[in-house]
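Asks: The lines below spell out each chain.
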Amino acid sequence: MIPASARIWPPCNIYSSAEIGENVSIGAFTEIGPSVRIGNDARIGAHCFIPEGVTIGEGAWIGPRCTFTNDRFPPSPKDKWETTVISAGARLGASVTVLPGKTIGKDAMVGAGSVVTKSIPPGETWAGVPARKIKKRRK
Amino acid sequence: MIPASARIWPPCNIYSSAEIGENVSIGAFTEIGPSVRIGNDARIGAHCFIPEGVTIGEGAWIGPRCTFTNDRFPPSPKDKWETTVISAGARLGASVTVLPGKTIGKDAMVGAGSVVTKSIPPGETWAGVPARKIKKRRK
Amino acid sequence: MIPASARIWPPCNIYSSAEIGENVSIGAFTEIGPSVRIGNDARIGAHCFIPEGVTIGEGAWIGPRCTFTNDRFPPSPKDKWETTVISAGARLGASVTVLPGKTIGKDAMVGAGSVVTKSIPPGETWAGVPARKIKKRRK
Numbered sequence: 001m002i003p004a005s006a007r008i009w010p011p012c013n014i015y016s017s018a019e020i021g022e023n024v025s026i027g028a029f030t031e032i033g034p035s036v037r038i039g040n041d042a043r044i045g046a047h048c049f050i051p052e053g054v055t056i057g058e059g060a061w062i063g064p065r066c067t068f069t070n071d072r073f074p075p076s077p078k079d080k081w082e083t084t085v086i087s088a089g090a091r092l093g094a095s096v097t098v099l100p101g102k103t104i105g106k107d108a109m110v111g112a113g114s115v116v117t118k119s120i121p122p123g124e125t126w127a128g129v130p131a132r133k134i135k136k137r138r139k
Numbered sequence: 140m141i142p143a144s145a146r147i148w149p150p151c152n153i154y155s156s157a158e159i160g161e162n163v164s165i166g167a168f169t170e171i172g173p174s175v176r177i178g179n180d181a182r183i184g185a186h187c188f189i190p191e192g193v194t195i196g197e198g199a200w201i202g203p204r205c206t207f208t209n210d211r212f213p214p215s216p217k218d219k220w221e222t223t224v225i226s227a228g229a230r231l232g233a234s235v236t237v238l239p240g241k242t243i244g245k246d247a248m249v250g251a252g253s254v255v256t257k258s259i260p261p262g263e264t265w266a267g268v269p270a271r272k273i274k275k276r277r278k
Numbered sequence: 279m280i281p282a283s284a285r286i287w288p289p290c291n292i293y294s295s296a297e298i299g300e301n302v303s304i305g306a307f308t309e310i311g312p313s314v315r316i317g318n319d320a321r322i323g324a325h326c327f328i329p330e331g332v333t334i335g336e337g338a339w340i341g342p343r344c345t346f347t348n349d350r351f352p353p354s355p356k357d358k359w360e361t362t363v364i365s366a367g368a369r370l371g372a373s374v375t376v377l378p379g380k381t382i383g384k385d386a387m388v389g390a391g392s393v394v395t396k397s398i399p400p401g402e403t404w405a406g407v408p409a410r411k412i413k414k415r416r417k
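Which chain is which? The protein sequence lines are A, B and C, in order. Using our numbering, you'd call the opening residue of the first sequence number 1 and step up by one each time. Using our numbering, you'd call the opening residue of the second sequence number 140 and step up by one each time. Using our numbering, you'd call the opening residue of the third sequence number 279 and step up by one each time.
If we strip away everything but chain A, and leave its shape as in the complex, we get:
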């Protein structure tokens, strides 16, 4: 379900069971897997990989080359897969990898190149490998 208001840069692979919101933009070379839900006004960068089990909230900003996952100890049977939630307004920098089963809170920010191994509370800024809370935002 891709609404007419969405902007998709080819080539992309978007499974037909994915639900894409209004005014979503999706960069080239991105794969959106089965049953993924992407909220209105979200922006998904180029080269992203978003498999089944991931939900992206309204107005979220996902940088280029972000990778999401659903299987902690692959390959697992599908009933062991975990869900990932990127809340409304969250912003992920380029090249972020998110482990399975995590939630990134509303309006949280994740630095470029981070590997997210824990859920991130709303409004916080995290960065690093593994990602940790950043006390003060660098200017």
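Bear in mind the hints are in silico, worked out from the structure with no lab data behind them. Each hint should be verified, as a subset may be incorrect.
Pair ranges (Cβ atoms, derived) [said to hold, decoys possible]:
(1) Gly401(C) with Gly123(A): 36 to 44 Å
(2) Pro312(C) with Gly101(A): 22 to 30 Å
(3) Asn179(B) with Lys396(C): 40 to 48 Å
(4) Lys358(C) with Thr222(B): 39 to 47 Å
(5) Ser144(B) with Glu19(A): 29 to 37 Å
(6) Ile134(A) with Lys411(C): 16 to 24 Å
(7) Glu297(C) with Pro121(A): 39 to 47 Å
(8) Arg176(B) with Pro3(A): 42 to 50 Å
Cβ coordinates follow ideal geometry from the N, Cα and C atoms, glycine included.
Following the hints, position chains B and C against chain A.
Replies: Below, chains B and C alone, put in the same frame as chain A:
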């Protein structure tokens, strides 16, 4: 050589000199370079880059966005390129980068987002940047 | 502007306002954004993401899966975007991410998997997350 039992999600770039085993699956946006060998039943995720000089063993599981290399101090003449071996049953999480000339042992496991700078013995679990041995597997 | 001497492996997305030098090679699944400039004889690996605001110098070597950025706190209005300069002869290993507004000096080298958060002086070798100066090059 792509056997009929292989499942390839387009678009992929697979060089004709690559040897792909039976029942292999390869995700979209993956490049498999010249003379790469992939063993039977291996699973290669989307967005992987597997250049010349890499061998993937039987039943290995390579997560999305894994990157392999063959040239330690690029650009080198081809006779300086090194070979990388991913042994049978090894499992690499998403977004792993493997430096040239390394071997990942049989049934070893590598955490998502790791950069592998040393060879990994069979059966061990490594993670991080650079990857180091994890003593106990997290539940 | 893609000169006849350039070698481009499809599929690539190259914006028509990008300026590509003579003898440049660009790997598959790479995106080159608007107004990007790439100097003569540069080599750009597969799966790279090079957005507007980035300049790649003559003879630079950009490994596979390198990611460049232009917006420090996305999404910003375009007048806040920063420029990135990769100087002539610089070499970036695989899977390097470069934050906005940085300069990588002439003939500098960046290790695979690094996240570059500071500008790198000419001729130095940096690696890690975040990237730091490496005193002696490993053999």
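Asks: Could you run down the list of hints and mark each one as holding or not?
Replies: Hint check:
For the hinted restraint 36 to 44 Å between Gly401(C) and Gly123(A), the CB-CB distance of approximately 42 Å keeps it satisfied. Hint check: Pro312(C) to Gly101(A), Cβ distance near 38 Å, so the stated range 22 to 30 Å is violated. The hinted range of 40 to 48 Å is satisfied by Asn179(B) and Lys396(C), whose Cβ atoms lie roughly 46 Å apart. The beta-carbon spacing between Lys358(C) and Thr222(B), approximately 46 Å, falls within the hinted interval of 39 to 47 Å.
In this structure the supplied range 29 to 37 Å holds for Ser144(B) paired with Glu19(A), their Cβ-Cβ distance being about 33 Å. Between Ile134(A) and Lys411(C) the CB atoms are about 23 Å apart, so this pair conforms to the stated range of 16 to 24 Å. Evaluation of the 39 to 47 Å hint for Glu297(C) and Pro121(A) yields a pass: the beta carbon distance comes to about 44 Å. Taken as a hint, the range 42 to 50 Å holds for the pair Arg176(B) and Pro3(A), whose Cβ atoms sit roughly 44 Å apart.
In summary, the structure is inconsistent with hint 2 from the numbered list given earlier, while agreeing with all the others.
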